Amino acid sequence: MSVSQSDFHAALLDSAAPVPSGLRDGNGRAAGNRFSVYRNNVAVSLTEALEVNFPAVRKLIGEKKFRAMAGIFLRQHPPEAPMISQYGTEMPDFLKTFQPLAHIGYLPDVARLELALRQSYHAADATPVDPAILGTMAPEALMGAHLDLAPALRLLRSDWPVHGIWSYKMEPGAPKAVHEPQNVLILRPDFDPRMTVISNAAVAFLQGLLDGTSLGTAHDRGIAVDPDFDLAHILGLLIGGKAITNIITGES
Amino acid sequence: MLDSTPRFTALPHAPGVGYKAQHYAAIMHDPAPVAWLEIHAENYMGEGGRPIAQLRHLADRFAFSVHGVGLSIGGETPLDRDHLARLAKLCDWLKPASFSEHLAWSTHDSHFLNDLLPLPYTTSTLTRIADHIDEVQEALNRPMLLENPSSYLTFAESTWSETDFLAEIARRTGCGLLLDINNVFVSATNLGYSPQGYIDSFPLDKVGEIHLGGHDEDADETGAPLLIDSHGREVADPVWALLDHTLDRSGPRPLLIEWDADIPDWPVLAAEARRAEAALQRVPA
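Sequence order for the protein chains is A and B.
Following my numbering, the numbering of the first sequence begins with 1 at its first residue and continues without gaps.
Following my numbering, the numbering of the second sequence begins with 253 at its first residue and continues without gaps.
In short, the hints are calculated from the structure, not lab data.
Please note that a few of the clues may not be correct.
Derived contacts from chain B toward chain A, CB cut-off under 8 Å, selection only [claimed, not checked]: (1) Y276; (2) I279; (3) G327; (4) T406; (5) F407; (6) E469; (7) E473; (8) P477.
Cross-link-like lysine to any residue pairs, in silico, SDA-like; alpha carbons within 20 Å at most [what the hints assert, rightly or not]: (9) A:K96 <-> A:L156; (10) B:K272 <-> A:A126; (11) B:K272 <-> A:K96; (12) A:K242 <-> B:A305; (13) A:K242 <-> B:I304; (14) B:K272 <-> A:D192; (15) B:K341 <-> A:K242; (16) B:K341 <-> A:L156.
Computed footprint of chain A on chain B; a stretch qualifies when at least three of its residues, placed anywhere within it, have a C-beta under 8 Å from a C-beta of chain A [what the hints assert, rightly or not]: (17) 289-297; (18) 414-422.
Nothing here was measured: the structure is a model prediction, and the numbers come from that model.
In this text, a Cβ means the ideal position worked out from N, Cα and C, and glycines have one as well.
Please work from the sequences and hints to get the whole structure.
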């Protein structure tokens, strides 16, 4: 007669499964469709969480297809922690192999971008360095320095015009995306993440900084991708986005 | 009338509301009659950014209640230590006037189901829950409040009434109780008992906070009424009447309006808080 939480859990996520015996209404009869309240709460609340976390994916495929996809996703990948704003980290990989949507090649990258934006939004705050310090450093000292970058910075490479596709759906009046690969740099100068499309050379440079190389070595990596790599431009972006949080020189 | 002051929270005997970010500006401008705010703990477990910054600003002006919805205190498996550590971190910096959680489970096999799921009231579930509450109170270094659930069904194996079950947990662990009056009305309607009778057998001296929220009306396959605890509309009139019945017996308590779905503009929520204030004012302190 006892109902284990394993029984309850299994029947919650499988609407074809029988309602566990041992559940009653107020008059001692079998609980019947009262169990559906819990089934419904779980499916609806997790679907709504995915709608909040992946608004552009939802707009791209439409409400109906999104809900159908979410119903399958949430059963394969229920949240692993109670922080629902983090729910859906498996979404990009899921979309890659989810047959009904596999023909929309850019969809996994749009999901990756939405995850990165949320991570940036909730990332730790950090105090930027005074950019004037950069101007006071001797060029050799500057190129030998290591930069710490803000925890809210995210870097995303895509074979698709992922920023263009996102903007077209999410920002009124944005132009239709042009078919080209796009890299997106996400910075959060205050509370709202901002996106900038950056070159392959800038990605190589930033990846160098993130790997912990000196500014000079990171610069070399950028140059290796494109001899015309514009260091001042990308440093300006980082400064404007309050993304440089520490400058570590050889002496310090 | 009970004359003992509840010692389970430091919340004022005044109206509070569940905090929603869209009301931030309105609350900072003119919160009246709202005196305190409640947050769902799990929404403030990020590392930084706007949610945390807004909470820091509000905490300078308002007493806070931290209300957990994801600890799964009624779970068959051990409490999630990582989650307990996250709750402790939040309580450490926010220093809320109250911490509360639910008589429910929500996690199984490391899967969080985002719903408050029911459990049988037996001597073995009681022992397990009391152990979990001991662990929470130790980790947070404060007494917690445990909230009565809204129920849609019962377990054939249950041997305790819900009120006796809650009273015994409070006695064993020293925790307080959060009495959700809408949940009482929803459960009593769904399971066919008297909501006033439930209140009359509830250990009101342990109540550190009262919740009020809206419900939806549905029916089961036999046509019997089935109320759904949706928090998506005004508190129903019979729930306000049940609040008066409760306050006549308990004396004033911190009263919270919960509105979590189809969230209205601030004036609508403030009007609900005013109604709660009026209910408090007719009770002698």
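Results of checking the hints against the structure:
no.	hint	verdict
1	Y276	violated, 12 Å
2	I279	violated, 18 Å
3	G327	holds, 7 Å
4	T406	holds, 5 Å
5	F407	holds, 6 Å
6	E469	violated, 13 Å
7	E473	holds, 5 Å
8	P477	violated, 11 Å
9	A:K96 <-> A:L156	holds, 17 Å
10	B:K272 <-> A:A126	violated, 25 Å
11	B:K272 <-> A:K96	violated, 35 Å
12	A:K242 <-> B:A305	holds, 17 Å
13	A:K242 <-> B:I304	holds, 19 Å
14	B:K272 <-> A:D192	holds, 18 Å
15	B:K341 <-> A:K242	violated, 27 Å
16	B:K341 <-> A:L156	violated, 31 Å
17	289-297	holds (count 3)
18	414-422	violated (count 0)
Consistency with the previously given hints fails for numbers 1, 2, 6, 8, 10, 11, 15, 16, 18, ordered from lowest to highest.
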